[in-house]
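Number of protein chains: 2
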Amino acid sequence: MIIRRATAADAASIWTIFRAVIAPGDTYSFTAATTERDAVAYFLGPGITSFVAEDEGRIIGMYKLIPNRIGRGSHVANASFMVDPSAHGRGVGRALGEHCLQEALQQGYEAMQFNFVVSTNTAGIALWKKLGFEIVGTLPKAFEHATLGKVDAYVMHRFLR
Amino acid sequence: MIIRRATAADAASIWTIFRAVIAPGDTYSFTAATTERDAVAYFLGPGITSFVAEDEGRIIGMYKLIPNRIGRGSHVANASFMVDPSAHGRGVGRALGEHCLQEALQQGYEAMQFNFVVSTNTAGIALWKKLGFEIVGTLPKAFEHATLGKVDAYVMHRFLR
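Note that the protein sequences, when read in sequence, are chains A and B.
The opening residue of the first sequence carries number 71 in the numbering used here; numbering runs sequentially from there.
The opening residue of the second sequence carries number 71 in the numbering used here; numbering runs sequentially from there.
These are computed hints drawn from the structure, not numbers from a lab.
Keep in mind that a hint or two might mislead.
No copy is singled out in the list; a pair is fine if it fits within one copy or between any two copies.
[Claimed, not checked] No more than 27 Å apart at the CA atoms, straight line, and that leaves these computed lysine-lysine pairs for DSS-like:
1. 199 <-> 134
2. 200 <-> 134
3. 220 <-> 199
Source: prediction; values computed, not measured.
Modelling step: build the complete structure from the supplied sequences, incorporating the hints.
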């Protein structure tokens with residue numbers, strides 16, 4: 071598996087993974103009504119740094135890295151990750167997470183914040199904790215989970231040094 | 071003082087207040103480099119509900135009300151407030167805050183969340199607490215304060231019913 075910069079040529083793969091990841095309605099705010107255009111812009115739009123994980127020529131995951139806020143909050147990074155469900159359990163998320171932290175450090179960010187980690191996404195939360203993140207906020211009933219109804223979401227954070 | 075829907079005709083007043091509010095660099099992420107176009111779009115862009123407080127024909131404050139997230143997070147509102155510094159101490163912020171909570175309830179939101187309340191903005195925090203908000207998250211050193219350096223920011227939240 072290699073991790074490399076995403077390009078416009080990855081758009082179709084990104085859309086395929088995006089659709090598969092949001093379909094269960096258990097981790098991302100995007101609904102099934104999200105268009106291919108919006109999904110691709112989310113990862114490949116202007117000002118967005120994105121990387122893909124490629125395994126034997128196949129894209130199996132991606133992440134985006136952006137400032138969490140403009141101006142006086144732009145020293146904190148934000149990132150979003152998606153892994154092809156058929157590639158789960160192979161450490162793709164962890165490899166992308168470690169790559170992203172390194173990339174953010176190189177870009178000069180001082181910290182990374184995830185604004186909306188669904189509280190029932192125990193695998194995701196466990197991974198972020200392993201990578202040094204902690205829960206710094208709890209947003210009560212902020213996520214409309216497709217099968218569980220309204221559940222909490224967490225704000226997670228770590229400094230990069 | 072009346073509170074009414076903002077219109078395109080309020081753009082110049084909104085820009086004047088916006089510039090005055092962000093100038094000290096102590097409450098908003100916007101820097102002095104923010105353009106009039108961006109400032110006006112922040113309050114009057116597509117899909118944004120905004121209101122102004124008008125006193126004897128003069129605009130002295132405004133707020134915007136939007137979904138805090140798309141899709142599965144869109145039942146939580148987000149709002150931003152600005153009051154002309156020369157009108158401070160007259161209850162404009164409180165009146166706008168109460169109006170906004172009522173408006174959000176009417177629009178069907180279930181809760182309101184502020185994502186980035188600067189921890190040194192004691193007057194703002196006191197007002198939001200009076201209006202029923204509580205701090206649900208602390209973002210360490212997330213705001214580059216113009217005179218104090220990096221300070222924490224809070225996530226504040228309240229349910230509407």
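Results for each hint:
1. 199 <-> 134: Classified as within: same-chain Cα gap 19 Å, cross-chain 35 Å, threshold 27 Å.
2. 200 <-> 134: For residue 200 and residue 134, only the intra-copy Cα distance (20 Å) is at most 27 Å; the inter-copy one is 38 Å.
3. 220 <-> 199: Close inside one copy (23 Å) and across copies (24 Å); limit 27 Å.
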